[in-house]
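My request is simple: use the sequences and hints to build the entire structure.
Protein chains: 4
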Amino acid sequence: MDHETRNRMNDEKKYVVIVDRLERRGVTELDIADITYHLQIKYIPDLEMDVCLDHVKRVLKKREVQNAILTGLELDILAEKGMLSEPLQTIIASDYGLYGIDEILALSIVNVYGSIGSTNFGYVDKVKPGIMGELDDKTNGTVVNTFLDDIVGAIAAAAASSIAHKYADADFDTELYKKQ
Amino acid sequence: MDHETRNRMNDEKKYVVIVDRLERRGVTELDIADITYHLQIKYIPDLEMDVCLDHVKRVLKKREVQNAILTGLELDILAEKGMLSEPLQTIIASDYGLYGIDEILALSIVNVYGSIGSTNFGYVDKVKPGIMGELDDKTNGTVVNTFLDDIVGAIAAAAASSIAHKYADADFDTELYKKQ
Amino acid sequence: MDHETRNRMNDEKKYVVIVDRLERRGVTELDIADITYHLQIKYIPDLEMDVCLDHVKRVLKKREVQNAILTGLELDILAEKGMLSEPLQTIIASDYGLYGIDEILALSIVNVYGSIGSTNFGYVDKVKPGIMGELDDKTNGTVVNTFLDDIVGAIAAAAASSIAHKYADADFDTELYKKQ
Amino acid sequence: MDHETRNRMNDEKKYVVIVDRLERRGVTELDIADITYHLQIKYIPDLEMDVCLDHVKRVLKKREVQNAILTGLELDILAEKGMLSEPLQTIIASDYGLYGIDEILALSIVNVYGSIGSTNFGYVDKVKPGIMGELDDKTNGTVVNTFLDDIVGAIAAAAASSIAHKYADADFDTELYKKQ
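Here the protein sequences line up with chains S, D, V and W, keeping their order. Final position of the first sequence in our numbering is 185; the numbers increase by one with none missing. Final position of the second sequence in our numbering is 185; the numbers increase by one with none missing. Final position of the third sequence in our numbering is 185; the numbers increase by one with none missing. Final position of the fourth sequence in our numbering is 185; the numbers increase by one with none missing.
Don't read these hints as lab results, they were simulated from the structure. Be aware that one or more of the hints could be misleading.
Which copy is meant is left open, so a pair is good if it fits within one copy or across any two.
[Claimed, not checked] No farther apart than 25 Å at their CA atoms in a straight line, the calculated lysine to any residue pairs in the SDA-like style are these:
| hint | residue 1 | residue 2 |
| --- | --- | --- |
| 1 | Lys62 | Glu85 |
| 2 | Lys66 | Tyr172 |
| 3 | Lys133 | Glu34 |
| 4 | Lys18 | Pro92 |
| 5 | Lys171 | Met88 |
| 6 | Lys133 | Pro92 |
| 7 | Lys62 | Asp51 |
| 8 | Lys131 | Asp36 |
| 9 | Lys86 | Met54 |
| 10 | Lys62 | Asp39 |
| 11 | Lys18 | Ala98 |
| 12 | Lys171 | Arg29 |
| 13 | Lys18 | Tyr101 |
| 14 | Lys18 | Thr95 |
| 15 | Lys171 | His43 |
| 16 | Lys171 | Gln94 |
Take a look at the structure:
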């Protein structure tokens, strides 16, 4: 039954495709786990990197997450190749500030572990730790990371929520589970 | 590992509380499973009631779902007792059409299984099959079901999404998984 | 000041582009207004078609709505031309049931007028009145309307919400504003 | 027509109630405008405090925003008085970290100006500038600000989005409108 539960929302085959796609765009699972670690270390002082990496992998196996990643990366790549029609081509290629579809896809990733991840997402999207800062470096005009930027932050935030759920139990009034 | 996965998002203890609360408001798990059956029978002709009931139970074990139910039912009951301050008391007691917080809580339930449940939710919220029709019968002015109405529809829709995920596999282009 | 308010969220220039794009995909503003009328006539018996059309136009002027439409139609057209990479190409071209990004974009349209539109959206997405039924007719394998289908329903539902807000006033306990 | 547009989504009468409620909980419009200023000054160097205050007022006139505020503050106050039933009483009074309904209400406020406000919200919810830091000071066990905390951040983030929309125009590729 547990096995079935896990499989229902997961797609193990597509997971391999997703990891490969992210790597081709310059992002490894470890890069994302690094952001998750950055987010959770203040709440869980003995947090280990391996735990973060494990939860990033869990997030990347979710079908809903995979669909958001596939769609966002496709739009980045098509914009990079100049293959979108106007005005969408310019909007995405220039990372236009009032285009919010990238945030919408990102929130659909974050929501896989409930609403508690939304603040983690917003935080890293502003602060841009680790790989996110590199992706955001827009000096090179030939690369488009409009969606990837938010997607990486959303995966890291979702993994952080997954860890928070893992540490939760019936003793919900312990210090650990106070609102982050 | 699977066992852990299941537990992380679930709260088995609170599940018992939730089922009891719903029953006190006149709604059984079977009432909700009945709506799920109504939603899915056109896509899965040999669907059995037991499967629907099983998936309703799964939905009710999710912590995120439980929090939405506890909050919504509390507001219904407080409005029924006239214990809310104005103007919220009148807004909730009269099921004011431009108050959308009940839909917002309902969507947080539906989203536990991804966005595919949102159309199922909207449909039952309009058509009001089974118990939803009874809850919506507002002739008795002493009962407030402003939140319960939407919550029941959302649980049924989430269970329908859970069933859809269960039947999905790598052969995603089979007729069964065509857009509902 | 009012003029400014209207302009801030609106983009009048892109509105012309949007109407043209929808028409090229076989959908006129009147087709959408027809669905809005279908949704609201039971609540406002003397509703006129002109009012519905006016509110559809208002929805189509919103920048957030325009961005969702541009993105969704682009993905439909690229899938139609076979220009997406796999597995996204097959997922969108076959309107795969567990792909929920189309619903996510649709909900971002509906949310422009608050959460009360989400049930209207779900309802039309199931019942598929008017043009939606034609779009959903998938016998012709060369046309992809995976996103357009939901987008049309979302615009109609948003226009219905806009009308509901128009009829609301301080007398919120009148029969008209009872929960739809 | 513009006048009508403004009124449709707004409720001027309830605005007065909302400002009074927030003040009773220790939050003025100026406190919120201060957070908005903090958020936007890096993008608009000549931003004035008056502009921030004006946009906070606009946000507080929106019916959808008002409903979220009324509901959240009511739950805070009832928890403070110990009037909620268990386990909701303990969950809200202790600001339990896995209770996400406060974030859900906050996101419904942020969404009034589209999805671009979600990152601003997440950022201030982590960093807790100005009044948010004071609200979050949980040493005094008799005060419950579980919802107020997120609500204040959401209003400030929505006002920041409103300002961003104000500064936008057809020249969307200017530096100002690059993704924040």
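Verification of the supplied hints:
Taking CA atoms no more than 25 Å apart as the test, Lys62 paired with Glu85 passes in neither setting, with 27 Å inside one copy and 33 Å between copies. In this assembly of identical chains, Lys66 and Tyr172 lie within 25 Å of each other by CA distance both inside one copy and across copies; the values are 20 Å within and 17 Å between. Proximity of Lys133 and Glu34 under a CA criterion of 25 Å is satisfied intra-copy only: 16 Å inside one chain copy versus 30 Å between copies. With identical chains, the CA atoms of Lys18 and Pro92 are at most 25 Å apart between copies only, with a shortest distance of 11 Å across copies and 35 Å within one.
Proximity of Lys171 and Met88 under a CA criterion of 25 Å is satisfied in neither setting, with 43 Å inside one chain copy and 30 Å between copies. Proximity of Lys133 and Pro92 under a CA criterion of 25 Å is satisfied in neither setting, with 28 Å inside one chain copy and 30 Å between copies. Within a single copy, Lys62 and Asp51 get their C-alpha atoms as close as 20 Å, which meets the 25 Å cut-off; across copies the closest is 35 Å, which misses it. Within a single copy, Lys131 and Asp36 get their C-alpha atoms as close as 17 Å, and across copies as close as 22 Å, so both meet the 25 Å cut-off.
In this homomeric assembly, Lys86 and Met54 never come within 25 Å of each other (Cα to Cα): the closest approach is 36 Å inside a single copy and 42 Å across copies. In the homo-oligomer, the alpha carbons of Lys62 and Asp39 lie at most 25 Å apart inside one protomer (13 Å), although the nearest pairing across protomers, at 36 Å, exceeds that limit. Within a single copy, Lys18 and Ala98 get their C-alpha atoms only as close as 31 Å, which misses the 25 Å cut-off; across copies the closest is 20 Å, which meets it. In this homomeric assembly, Lys171 and Arg29 never come within 25 Å of each other (Cα to Cα): the closest approach is 31 Å inside a single copy and 31 Å across copies.
Taking identical chains as interchangeable, the C-alpha atoms of Lys18 and Tyr101 lie at most 25 Å apart only when they sit on different chains, with a minimum of 16 Å there against 34 Å within one chain. Only between protomers do Lys18 and Thr95 lie at most 25 Å apart by alpha-carbon distance; the minimum there is 15 Å, versus 34 Å within a single protomer. Taking the closest pair of Cα atoms, Lys171 and His43 come within 25 Å of each other only inside a single copy of the chain (17 Å); across copies the shortest separation is 35 Å, beyond that limit. Taking CA atoms no more than 25 Å apart as the test, Lys171 paired with Gln94 passes between copies only; the shortest distance there is 23 Å, against 41 Å inside one copy.
This entry does not satisfy hints 1, 5, 6, 9, 12, going by the numbered hints stated previously.
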